[in-house]
Amino acid sequence: MSMGHLLSIEDLDREAIERIVTRAASFAGVSEREIKKVPALRGRIVLNLFYEASTRTRSSFELAAKRLSADVVNLAAGGSSVEKGESLKDTVLTLSAHKPDVIVLRTPWSGSAALVASWSPAAIVNAGDGKHEHPTQALLDVYTLRERLGGIDGASIWIVGDVAHSRVARSNIIAFQRMGATVTLAGPPTLIPRGIEALGCDVRFTLQELDSADVVYALRMQHERMSETLVPSLREYASWYQINGRRLRPRQVLMHPGPVNRGVELSGEVVDSPQAVITAQVEAGVVVRMAVLYELLASAREAEPAFGRPEAAVTEPARVQAGTPAPTEGARSAGADHARARQTGPLLGRHLPPGALPV
Amino acid sequence: MEERLLLHQPREPAELLLRDVHVLDPRERIDARHDVRVRGGQIAELGPAETLHPDEGEELIDGQGRCRLLPAFFDPHVHLRTPGQEHKEDLRTGTRAAAAGGFAAVVAMPNTEPVLDSAPLLRSLRDTAAREACVPVGFLGAITRGLEGEQLTEMAELRELGALGFSDDGHAVQSAGTLLKAMRYQRLCGGLLALHEEDRTLSREGSMHEGAVSAALGLRGVPTVAESTMVARDAALAGYENARVHFQHLSCSESVAAIAEAKARGWKVSAEVTPHHLLLTEEDVRGLDTRVKMYPPLATDTDRRALLDGLRAGSLDCIASDHAPHAREEKEVPFEQAPPGTTGLETAFAALHTDLVRTGALELGLLVERMTAGAELFGLPTPLIAPGHAANLTLVDLDAEWIAGEHGWESRSANCCFAGRVLKGRVLMTVAAGTVAHRERALAAVAA
Chain A
1 MSMGHLLSIE DLDREAIERI VTRAASFAGV SEREIKKVPA LRGRIVLNLF YEASTRTRSS
61 FELAAKRLSA DVVNLAAGGS SVEKGESLKD TVLTLSAHKP DVIVLRTPWS GSAALVASWS
121 PAAIVNAGDG KHEHPTQALL DVYTLRERLG GIDGASIWIV GDVAHSRVAR SNIIAFQRMG
181 ATVTLAGPPT LIPRGIEALG CDVRFTLQEL DSADVVYALR MQHERMSETL VPSLREYASW
241 YQINGRRLRP RQVLMHPGPV NRGVELSGEV VDSPQAVITA QVEAGVVVRM AVLYELLASA
301 REAEPAFGRP EAAVTEPARV QAGTPAPTEG ARSAGADHAR ARQTGPLLGR HLPPGALPV
Chain B
1 MEERLLLHQP REPAELLLRD VHVLDPRERI DARHDVRVRG GQIAELGPAE TLHPDEGEEL
61 IDGQGRCRLL PAFFDPHVHL RTPGQEHKED LRTGTRAAAA GGFAAVVAMP NTEPVLDSAP
121 LLRSLRDTAA REACVPVGFL GAITRGLEGE QLTEMAELRE LGALGFSDDG HAVQSAGTLL
181 KAMRYQRLCG GLLALHEEDR TLSREGSMHE GAVSAALGLR GVPTVAESTM VARDAALAGY
241 ENARVHFQHL SCSESVAAIA EAKARGWKVS AEVTPHHLLL TEEDVRGLDT RVKMYPPLAT
301 DTDRRALLDG LRAGSLDCIA SDHAPHAREE KEVPFEQAPP GTTGLETAFA ALHTDLVRTG
361 ALELGLLVER MTAGAELFGL PTPLIAPGHA ANLTLVDLDA EWIAGEHGWE SRSANCCFAG
421 RVLKGRVLMT VAAGTVAHRE RALAAVAA
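Residue numbers (my numbering), protein chains in the order written: chain A, 1 to 359; chain B, 1 to 448.
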C-alpha cells in the first residue's frame with residue numbers, strides 16, 4: 001500500500017520539498033483544463049477525517065483527490081460515532097476496515113497524526129494536529145513563494161502575530177529555513193512561546209525592523225485570545241502588529257494562511273494589494289495536495305523513494321507489498337501496534353526503545 | 001490513636017538464612033559479606049559470611065557473596081486507586097508491584113473516588129488493606145473535603161483512625177489561607193502535611209514543561225515557577241506556623257533552592273523526588289509518548305541535575321515513585337488528552353541504579369539511604385539490618401540485566417515511562433514486616 005506518511009514537515013528534507021513543489025507545478029495545468037481531472041489515483045480511496053471545523057483545507061484536499069480521480073469520503077467529528085464517545089483509536093480502526101489508501105487527518109491534538117499512523121495501515125496526511133504542525137500548508141506556502149519570487153534561498157521571512165497558537169507557524173519556520181530562508185518571528189511576548197528560538201529563528205517584539213523582510217507572513221489573530229487576556233485588546237494589538245499600508249513596503253510579498261480578520265492582523269488595503277498572494281496560496285493548496293497524494297500513492301510504484309520516514313518503508317514490508325492479503329480485524333490492530341513498536345519514529349521517545357509496549 | 005499505622009494481610013513470619021550476602025546498610029555502617037538469620041520475622045543473627053548454619057525449618061538462600069541485602073525501601077507516595085478506580089490498580093496489585101520493586105511499605109494518596117476525606121472510608125480502606133495488602137500500607141487523608149481546597153476534613157478523627165497525614169495531592173491547595181488553617185489544626189491532630197505544589201493560574205492547562213520542546217511541539221507549557229513559587233509560599237507559611245510539611249515530587253532547580261533556603265532557616269520541611277524527574281527531561285517528551293506525561297512535568301537537564309545535587313546534598317530527603325497507574329485505553333489517546341502519571345514501583349530502584357549508581361553519579365549507599373528515608377518523615381521506624389529489628393529486607397542482584405516490562409507487570413497498569421529500557425539490578429526477594437512479600441522466579445537458580 002503506502003510507503004510513508006506526511007506527519008511533520010520535519011520528515012522532509014530540502015530535496016523532498018522541492019520534488020513535491022515541482023510535481024505540484026506540473027499539476028497546475030490540470031486546473032486550467034475544461035475537464036479538471038487526471039486518472040492517476042483512479043480506484044484509490046482518500047478519507048478526510050476532520051475533528052475540527054475547516055473550510056479551505058478540507059475542500060482543498062477533496063478537490064485534490066478528485067482531480068486525481070480518487071474516491072473521497074468526508075467525515076466530520078460532528079454527526080459521527082465520535083459524538084457517541086468512540087475513541088480516536090476505535091474510530092481509526094473502524095474506518096481503516098474500509099481500506100482507505102490515505103487518511104487525511106485534522107484534530108485539535110498535537111501528535112495525533114503520528115498516533116493514528118501507528119494504528120492504521122493507510123498513509124496518513126497530517127492536515128493539522130493541534131498547535132503542532134500543518135505540513136501541507138508549509139508546502140503550499142513554499143510553492144507560492146517559489147512561483148512569486150523564483151526561489152526563497154536567502155530570503156528574509158517575517159512571521160507576524162500569534163505564533164503560540166499557530167500550527168502554521170511551526171511548520172513554516174522549519175520549511176522556510178530548510179529552503180534556505182531566514183525566519184524572524186514578531187508578535188506580542190504573550191503570544192511568542194518561550195523557547196521557540198531553539199528552532200533557529202529570531203524573535204522580535206516590535207515591527208520596527210520589518211523593512212528588512214522580503215516576505216511578511218501574517219497569522220490569524222483569534223478572538224478567544226482576548227478572553228485569555230493574552231493581549232489587552234484587539235485595538236492595541238492592531239496598533240502594534242497590524243500589517244497595513246504604512247508598514248508594508250512595495251517590494252514585500254504578503255502572505256496569510258486564512259481566514260483573514262480584516263482590520264485586525266491585516267488592514268483591508270493590504271489584503272487587496274498586489275503584494276498579497278493570499279488567494280494564490282489557496283490555489284496552490286489544491287495542486288500541492290495533489291502532489292502530496294500522488295507522492296504517497298502513485299510514485300510508490302516508481303522506483304524513486306517516497307518521502308516521509310523512509311525507515312517506515314524499510315521496516316514495514318507488509319505495508320509496501322501491494323496485494324498483501326488484508327489481516328483480520330484482531331490481527332490488524334496487533335499488527336499496527338507491532339508496526340509502531342518496530343518503528344523508532346516519533347512515537348517512542350529516546351529512552352523508549354523498540355519493543356516497548358504501546359499504551 | 002490507632003496502634004497500627006500501616007496495615008497488611010497476615011502471613012507466616014519468615015524463617016530464613018541468607019548466607020553469604022553482601023549486606024549494605026548505610027545507617028548501621030555495614031558494607032560487607034555476612035550471614036543473616038531471620039527467625040519468626042525478626043532479624044535474629046548477623047554473622048561473618050559462611051559461619052551460620054540453617055536451623056530446621058529455615059529456608060537457605062545462598063547469596064554467593066554477590067547478592068546485596070539492603071534495608072527494604074519505603075515509598076511515601078503511591079496511588080493505589082482504591083476505592084473507585086480499581087480498573088487501574090487495587091490494594092493487592094499495587095502492593096504486589098511495591099514488593100516486586102523492593103518496597104516494604106508504601107503510603108497511598110487520597111485522590112480516590114470518592115476522595116479519602118471521611119472516617120468511614122478510611123476505616124473500610126484499612127480493613128481492606130489488612131486483608132489484601134502484600135506489603136504494609138499507610139493512608140493519607142485529604143486536607144480539604146473532596147480535594148476542593150476549601151473546607152478542612154475532620155483531620156483529628158482521621159488521625160485517630162490511623163491516617164498517617166494529609167495531602168490534596170494532584171490538587172494543590174491554592175488558597176494560602178486554607179493551608180494556614182490546616183497547619184494550625186496540625187497542632188491538635190499532628191500528621192504530616194504532604195503538598196503537591198502547583199499554582200493553577202500559572203500551570204493552567206499545560207501538558208508539559210514550558211520551554212524549547214513545548215514551543216516546538218505546540219503544547220501549552222507549565223512554567224517551573226508554577227511549582228517553585230508555591231514551595232516558597234508554603235515553606236514560609238510552615239515557618240510562620242512552625243508546621244511540619246513535606247513537599248511532594250519536586251521537579252525543578254528553583255524548588256530545590258527554595259527547600260534549601262527553608263531548611264537553612266530551620267523550618268520543618270522535607271521533600272521528595274521521583275526517579276523519572278531524576279532521569280528524564282523534556283527532551284524525552286518529544287515523541288509525545290503518553291507514558292512520559294506526568295505532573296509536575298519533566299523539565300530541563302539543568303533542573304534534573306539540580307534535583308540530583310539536591311538529593312546528594314540532603315535538601316531532598318527521599319525518593320518517591322509517585323506510582324500513578326492508568327488503564328491502557330486512558331493513555332492510548334493524544335498526549336494532551338492523556339491523564340498524567342507513570343507507574344514506577346517496579347522500576348524505581350533498577351532505573352536509578354542503572355543510570356545514576358552505575359554511571360558514578362550517586363553512591364549505592366546514598367541511594368539506599370534515600371530510598372528508605374521516607375519512613376522517618378511519617379514518624380515510622382526506619383528499617384535497619386540489625387538483630388532484634390523486624391525483617392524489612394530487599395535482596396538484589398546488581399548485575400542482573402532485564403528489560404522493563406518484558407514479562408509484564410505486577411501492577412494492573414502498564415504505563416511505565418521506563419518500559420522497554422534495559423535495566424541493571426533486579427530485586428530477588430522482598431521481606432516486608434517480617435514476611436516474604438516477593439520472590440523472583442529466578443531466585444531458586446541463584447540460590448542453588
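Source of the hints: derived by calculation from the structure; they are not laboratory data.
Predicted, not measured: the structure shown is a model, and the values here were computed from it.
Incorrect hints may appear among the rest.
[Said to hold, decoys possible] One-sided and incomplete, this derived list gives chain B residues near chain A with beta-carbon spacing under 7 Å:
hint	residue
1	L46
2	P48
3	L219
4	P334
[Claimed, not checked] Here are the computed distance ranges between Cβ atoms for each label pair:
hint	chain 1	residue 1	chain 2	residue 2	range
5	A	T190	B	R305	52 to 62 Å
6	A	R204	B	R145	45 to 55 Å
7	A	E197	B	P381	51 to 61 Å
8	A	A53	B	E283	27 to 37 Å
9	B	R11	A	R194	31 to 41 Å
10	B	R233	A	R194	39 to 49 Å
[Stated by the list, open to error] Where chain B lies over chain A, by a calculated footprint (3+ residues, C-beta under 8 Å):
hint	stretch
11	87-98
12	238-252
Note that CB positions come from ideal geometry on N, CA and C, so glycine has one too.
Verification of the supplied hints:
| no. | hint | in the structure |
| --- | --- | --- |
| 1 | L46 | violated, 39 Å |
| 2 | P48 | violated, 42 Å |
| 3 | L219 | holds, 5 Å |
| 4 | P334 | holds, 3 Å |
| 5 | A:T190 / B:R305: 52 to 62 Å | violated, 30 Å |
| 6 | A:R204 / B:R145: 45 to 55 Å | holds, 50 Å |
| 7 | A:E197 / B:P381: 51 to 61 Å | holds, 52 Å |
| 8 | A:A53 / B:E283: 27 to 37 Å | holds, 34 Å |
| 9 | B:R11 / A:R194: 31 to 41 Å | violated, 53 Å |
| 10 | B:R233 / A:R194: 39 to 49 Å | violated, 23 Å |
| 11 | 87-98 | holds (count 3) |
| 12 | 238-252 | violated (count 0) |
Hint compliance for this structure: hints 1, 2, 5, 9, 10 and 12 are broken, all remaining hints hold.
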